Amino acid sequence: MSVGPLGEKPHPTKGRQKDGLAGGELVARVLDETWRDPPGFFGWFCAVNHKSIARRFLVTTLVFFALGGLLAAAMRLQLARPGNTLMGPDLYNQVFSMHGTTMMFLFAVPVMQAVAIYLLPLMLGARATAFPRLTAYSYWIFLFGGLLLYLAFLSNAGPESGWFNYVPLAGPEYGAGKRSDIWAQTVTFTEVSALLDAVIIICTVFKMRAPGMALNRMPLYAWAMLVTAFTILFAMPAVALASSMLIMDRLVATHFFNPGEGGDALLWQHLFWFFGHPEVYLIFMPGLGFISTIIPTFARRPIFGYTAMVLSLVATGFLSFGLWVHHMFATNLPDLGKTFFTAASLLIAIPTGVQIFCWIATLWTGRLDFRTPLLYVLGFFFILVLGGMTGLMLASVSLDAQVHDTYFVVAHLHYVLIGGAVFPLFGAFHYWFPKFTGRMMSERVGRWSFGLMFAGFNIAFFPMHLLGLQGMPRRVYTYPAEMGWGGLNLLATAGAVTLLVGILLTLVNAVRSARSGVPAPADPWGGGTLEWATASPPRMCNFPALPVVHGRDPLWQPAPPEAPDHVAGLAIDVREVLTTTVAEARPDSRMMFPESSPWPFLAAVATTVLFVASIFTPWAVVWGAIPVAITLVAWFWPRPKEAAEELALEKTP
Amino acid sequence: MNPGLHDALHALGPQAAHIVDLWRIFLFICTAVFAAVMAALAYALWHAPRSRTGEPPDLRAVNRPEPGPRRSVATAVTATVLLLLVLLAASVFTDRALARLPLKDAINIEVTAHQWWWTVRYVSGPVNETFETANEIHVPVGRPVLVKLHSDDVIHSLWIPSLAGKRDLIPGRTAQLAFRADRPGIYRGQCAEFCGFQHAFMAFEVHAHAPQDYEAWRRRQLAIPPEPADPQARRGKQLFQSLSCAMCHGVQGTPAQGRRAPDLTHLASRRMIDAGTMPNTQGNMASWIADPHRHKPGVNMPANPLSAEDLGALVAYLGTLE
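Chains as they are written, first to last, in this note's numbering: chain S, 1 to 653; chain F, 1 to 322.
Because the hints were derived from the structure by calculation, they are not lab data. Please note: incorrect hints may appear among the correct ones.
[Stated by the list, open to error] Using 20 Å as the maximum straight-line C-alpha spacing, the simulated SDA-like pairs for lysine to any residue come out as follows:
| # | chain 1 | residue 1 | chain 2 | residue 2 |
| --- | --- | --- | --- | --- |
| 1 | F | K148 | S | P638 |
| 2 | S | K178 | S | F164 |
| 3 | F | K148 | S | M328 |
| 4 | S | K338 | F | A90 |
| 5 | S | K338 | F | L84 |
| 6 | S | K338 | F | T254 |
| 7 | S | K338 | F | G298 |
| 8 | S | K178 | S | V609 |
| 9 | F | K104 | F | R183 |
| 10 | S | K338 | F | Q176 |
| 11 | S | K338 | F | L101 |
| 12 | F | K148 | S | L333 |
| 13 | S | K178 | F | G298 |
| 14 | S | K14 | S | R444 |
| 15 | S | K338 | F | K104 |
| 16 | S | K9 | S | V609 |
| 17 | S | K14 | S | G569 |
| 18 | F | K148 | S | G569 |
| 19 | S | K338 | F | R183 |
| 20 | S | K18 | S | A644 |
[Unchecked claim] Facing chain F, according to a computed beta carbon distance under 7 Å, are these residues of chain S, among others:
| # | residue |
| --- | --- |
| 21 | A343 |
| 22 | F381 |
| 23 | R515 |
[Stated by the list, open to error] Calculated Cβ distances over 10 Å to all of chain F for the following chain S residues:
| # | residue |
| --- | --- |
| 24 | Y174 |
| 25 | P259 |
| 26 | A265 |
| 27 | A315 |
| 28 | L363 |
| 29 | E584 |
| 30 | L632 |
The structure presented is a predicted model; accordingly, all values stated were derived computationally and were not measured. The C-beta atom is built at its ideal place from N, Cα and C for all residues, glycine as well.
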């Protein structure tokens with residue numbers, strides 16, 4: 001009789017019943033019960049199911065999107081006419097800093113990770129994300145970081161030096177109060193969360209795919225998220241380092257950025273943009289993944305140029321690290337060096353071009369069905385390609401010398417970020433809404449909201465190109481009437497209001513459809529990826545029997561005769577999962593996944609105490625580490641019950 | 001009030017003109033490419049047959065190569081690469097042209113940026129011919145100007161859209177900017193890097209003169225303003241030196257030697273006050289001195305609650321600083 005390390009014996013009954021289609025609905029129900037989060041108020045804090053966490057994560061990021069949008073609306077109202085006194089410079093500077101910080105750190109990156117945490121296990125044919133408890137922890141950390149930022153803003157301590165937070169303006173000498181520290185710690189929160197989610201996504205994509213889903217059969221969305229996650233892994237530490245150095249400059253009087261003591265103000269810009277430019281692409285690449293998923297479904301054919309698409313994504317991820325200096329063309333860096341970055345910035349247009357041409361080829365040779373998700377994709381084409389063109393202009397050192405830090409750049413970045421990420425995201429939202437909620441969104445309202453968003457967006461942001469060329473700098477709280485910028489600014493404000501109405505209409509459509517939309521079947525669009533194989537909304541266990549994949553579009557290319565279409569044999573009363581090999585997705589091992597637990601939540605609370613207190617005293621890093629250590633030890637403490645179950649599984653494979 | 005020329009596409013000097021030429025090349029190629037991509041997309045949408053959701057997918061592409069689309073995509077990618085090379089070459093040649101502005105006989109100026117104004121020092125020639133002014137750069141038409149850029153506090157950026165591209169002023173670093181104005185006139189410039197509360201109104205002007213007018217202006221700047229004759233202005237001078245004004249502002253030839261705020265030696269000769277924000281009139285001056293924060297919230301100059309009489313005297317004195 002084998003005995004575990006704590007002296008426990010194998011569990012007498014657990015792990016004997018196995019899954020598979022033969023068991024029918026009864027087995028599926030047991031599986032659902034196994035994977036369900038604990039009930040009740042306290043159970044809510046213990047949840048680790050990827051769908052529960054992702055749903056909360058998604059809603060949180062959308063709330064931040066709404067808040068960031070309201071801040072944008074406030075800015076547009078202030079700028080609608082010259083010399084406006086709605087806001088003074090103090091408030092306006094906080095508002096534009098909050099808008100940028102919210103959209104970049106609390107919306108654009110995390111929303112993509114939230115969608116991925118929901119979708120990836122479904123699309124890859126798995127029952128969970130890798131590291132379920134870490135998924136919960138990273139959500140709580142993200143939530144607390146966002147709350148910190150907004151509580152600070154409400155108490156008039158919001159960041160005021162922009163989302164880029166340049167020193168010395170944000171440094172100890174010129175950034176008085178705690179505003180810059182709040183910014184730096186918010187960034188620390190979101191970095192921790194984003195880095196952990198990146199690890200989760202990489203491991204999920206590499207090890208949790210359904211048997212048969214070799215890398216060259218993986219959905220392009222999974223490829224996009226894989227490349228994004230790797231980009232996060234290499235980009236985010238730069239800003240985490242920079243913000244920690246800033247905190248140290250401010251709190252313990254180091255001189256990293258103080259030129260008077262041998263520091264360098266430009267060091268901040270290098271570290272920030274070494275993160276900041278890949279940041280743009282890691283917002284954009286998930287959008288590419290959405291588009292590569294939506295287009296085949298509504299063109300009724302597999303994507304054209306799968307291999308080229310994958311290589312383009314990987315190339316984009318790599319090249320995104322070679323462009324950061326084009327944010328610094330106005331500084332006195334060597335001119336020859338800047339030319340290199342011009343070349344690199346132009347170069348990255350090639351992989352994006354390849355993908356756009358492949359999508360057009362897919363549409364060209366497909367049979368089209370113009371539903372709302374496809375409309376958003378078409379909107380993406382118009383906006384993103386235009387934004388890409390102005391991006392080429394900004395890549396030129398000489399041209400950038402004129403348009404850098406003007407409204408031309410504001411126009412460009414909204415064209416690429418809203419065009420490259422928000423329109424695809426809204427398309428994705430309409431596309432997967434039936435899977436999330438089990439109901440269809442209204443097609444008629446969807447078309448209206450798309451039309452308003454598309455028109456409003458272009459009316460709001462196209463005039464900003466002209467304003468920039470006419471010399472209007474960015475980040476000004478108002479401007480003199482004599483400059484003659486009033487008319488275009490008023491037009492931009494009108495466009496922004498239209499855009500806002502379009503977004504609100506989507507919200508109304510979502511709320512109404514979630515309550516009383518037409519019930520959705522498992523596969524309402526006839527899609528080819530695995531998430532459409534399970535019920536809408538998915539069961540707690542995702543798949544009662546894990547699918548086996550035989551092609552790039554598993555639902556369109558079913559198993560050939562005599563080949564298996566699912567695997568069976570995982571325990572149904574404990575959280576047992578199948579891992580597969582990285583390249584070919586052959587079954588590799590069976591693992592026990594952890595139970596629901598309150599410790600990720602408590603560990604996040606302890607981490608929050610450490611981070612927030614270290615805004616005020618460096619000793620927080622010392623004393624705050626103790627509760628973090630306690631919660632982490634409790635998190636990983638081996639429990640006799642789990643050990644007994646694992647032993648039982650070993651005895652009855 | 002004419003704000004002065006301020007438009008990147010309205011170039012009146014060789015540096016800005018090179019960039020406008022480059023802009024035209026980029027605009028032409030990018031517009032053509034955008035139109036081509038949109039046309040291809042529109043044709044694809046128009047040409048492809050329609051389907052209904054849930055129709056069985058067309059799986060012929062799974063096992064059969066598609067030479068037609070493959071050729072088209074390859075052609076489009078090749079065209080993209082070639083056009084990008086054209087853009088790269090155009091950009092590099094413009095960089096070179098900008099770097100080759102002839103600097104023979106250049107006027108040397110040092111600009112130091114502060115929150116939220118500019119010091120301008122003329123350093124050509126012997127030491128006794130150097131002088132300092134604020135928020136106004138005067139240059140002769142047709143002669144190159146070489147500007148050394150410093151910052152006294154945070155990062156700023158010097159930008160004169162109609163004459164040249166911008167250049168950052170970074171504390172601890174010295175940068176250079178060269179430009180030339182080819183036509184007389186007033187050109188507006190502005191700080192382009194976010195620098196705090198009054199970034200929006202951190203402007204300045206470049207006045208380009210015919211060479212003899214520039215020389216006359218330079219002579220006047222070297223002169224020390226005469227003792228005011230008018231008794232009200234004389235009282236104003238006393239006030240200036242006894243109140244807090246002289247703590248920050250300097251007037252050459254007087255005990256007022258403050259360096260924390262714009263030099264006022266020739267204030268009355270300037271077209272604008274408050275870093276290119278308000279026309280230099282007596283009314284604006286009085287209103288500014290009494291409460292600068294009403295005009296520019298957050299500036300470093302304190303409010304001066306003076307009696308109307310004292311304020312009048314002070315403004316009268318400042319009016320004599322030709």
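Now the hints, each set against the structure:
Restraint check for K148 of chain F and P638 of chain S: not satisfied, since their Cα atoms lie roughly 66 Å apart, outside the 20 Å limit. Distance check on the hinted pair: K178 of chain S and F164 of chain S sit about 16 Å apart at the alpha-carbon level, within 20 Å; holds. At roughly 19 Å between alpha-carbon atoms, K148 of chain F and M328 of chain S fall within 20 Å of each other, so this suggested pair holds. Between the alpha carbons of K338 of chain S and A90 of chain F the distance comes to roughly 15 Å, so the proposed pair stays at or under 20 Å and holds.
Only pairs whose Cα atoms come within 20 Å are accepted, and K338 of chain S paired with L84 of chain F is accepted, the gap being roughly 17 Å. For a cut-off of 20 Å, the pair hint linking K338 of chain S to T254 of chain F is broken: about 48 Å separates their Cα positions. For the suggested pair K338 of chain S and G298 of chain F, the alpha carbons sit about 36 Å apart, so the restraint of at most 20 Å is broken. About 16 Å separates the Cα atoms of K178 of chain S and V609 of chain S, which keeps this hinted pair within 20 Å; it holds.
This hinted pair checks out: K104 of chain F and R183 of chain F have alpha carbons roughly 19 Å apart, not beyond 20 Å. Restraint check: the Cα-Cα separation between K338 of chain S and Q176 of chain F comes to about 16 Å, which is no more than 20 Å; the hinted pair holds. Proposed proximity of K338 of chain S and L101 of chain F is supported: the alpha carbons are some 19 Å apart, at most 20 Å. Proximity of K148 of chain F to L333 of chain S is assessed by CA-CA distance (about 15 Å); at most 20 Å being required, the pair is judged to hold.
Pair hint K178 of chain S plus G298 of chain F holds up; C-alpha atoms about 18 Å apart against a cutoff of 20 Å. For the hint pairing K14 of chain S with R444 of chain S, the CA-to-CA distance comes to about 51 Å; that exceeds 20 Å, so the pair is violated. For the suggested pair K338 of chain S and K104 of chain F, the alpha carbons sit about 26 Å apart, so the restraint of at most 20 Å is broken. Proximity of K9 of chain S to V609 of chain S is assessed by CA-CA distance (about 40 Å); at most 20 Å being required, the pair is judged violated.
With a C-alpha separation of about 14 Å, the suggested pairing of K14 of chain S with G569 of chain S holds against the 20 Å cut-off. Restraint check: the Cα-Cα separation between K148 of chain F and G569 of chain S comes to about 75 Å, which exceeds 20 Å; the hinted pair is violated. Straight-line distance between C-alpha atoms of K338 of chain S and R183 of chain F comes to about 31 Å, which puts the hinted pair past the 20 Å bound. Among the hinted pairs, K18 of chain S with A644 of chain S is consistent with the structure: their alpha-carbon atoms are about 18 Å apart, no more than 20 Å.
With a least beta-carbon distance of about 6 Å to chain F, the hint placing A343 of chain S at the interface is held under the 7 Å criterion. The beta carbon of F381 of chain S comes within 6 Å of a beta carbon in chain F, closer than 7 Å, and the hint placing it at the interface holds. Restraint check, R515 of chain S versus chain F: the minimum CB separation of about 23 Å is more than 7 Å; hint violated. With a cut of 10 Å on Cβ distances, Y174 of chain S falls inside the contact zone with chain F, its closest approach being about 5 Å.
With a closest Cβ-Cβ approach of about 2 Å to chain F, P259 of chain S is found to fall inside the 10 Å limit, against its non-interface label. The beta carbon of A265 of chain S sits about 6 Å from the closest Cβ of chain F, which is not more than 10 Å, so the claim that it is off the interface is violated. No Cβ of chain F approaches the Cβ of A315 of chain S within 10 Å, the least distance being about 12 Å, so the stated non-interface status holds. Look at L363 of chain S: its CB is around 5 Å from the nearest CB on chain F, not clear of 10 Å, so calling it non-interface is violated.
Look at E584 of chain S: its CB is around 19 Å from the nearest CB on chain F, clear of 10 Å, so calling it non-interface holds up. The beta carbon of L632 of chain S is kept farther than 10 Å from every beta carbon of chain F, the shortest such distance being approximately 40 Å.
Of the numbered hints stated above, those contradicted by the structure are hints 1, 6, 7, 14, 15, 16, 18, 19, 23, 24, 25, 26, 28, listed in ascending order.
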